[in-house]
Amino acid sequence: MDSFGYLVIFTIICGGYLFYKALNRKNNYWSKRGVKGPKPVPIFGNLLSFLVTPRPLVEVNWLKKFGHIYGYYELDEPILMVAEPELVKTILVKDFHLFSDRRHEKTAEPLIEKTLTNLLGDDWKR
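Under the numbering used here, the letters of the sequence shown match residues 384 to 509, in that order.
Take these hints with a grain of salt, some might be off.
The list that follows gives simulated cross-link-like pairs (lysine-lysine, DSSO-like), each with its CA atoms no further than 30 Å apart [to be verified]:
1. LYS404 with LYS415
2. LYS404 with LYS472
3. LYS419 with LYS404
Worth flagging that the hints you see were computed from the coordinates, not collected in a lab.
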């Protein structure tokens with residue numbers, strides 16, 4: 384094989400490695416912070432778990448396995464699950480100014496759009 388062939392192989396390997404790192408750049412967000420949680424799959428995160436088993440059952444299993452605070456991924460978006468009532472109260476009441484713009488679940492139901500967990504910014508602070 385000539386030097387051009389080695390250059391092509393080297394370029395493909397480096398490109399594949401960089402592509403893999405780009406896909407997984409956020410998949411170590413929780414492990415870097417010492418938060419336990421299920422291991423994500425590149426591109427999908429932990430969403431595939433919800434396709435196989437209903438979401439509430441998956442979350443109950445994760446709660447039993449990882450404790451009351453764990454992190455998971457929806458695609459490449461890190462999600463922190465807090466199931467400790469006193470900590471939830473602290474987040475939603477005392478430290479609300481730090482958590483006012485959380486993830487927003489879009490829904491076609493106008494009543495659900497106005498719930499506390501779906502409001503953002505100034506609407507949530509009221």
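Structure-based check of all given hints:
no.	hint	in the structure
1	LYS404 with LYS415	holds, 15 Å
2	LYS404 with LYS472	violated, 37 Å
3	LYS419 with LYS404	holds, 21 Å
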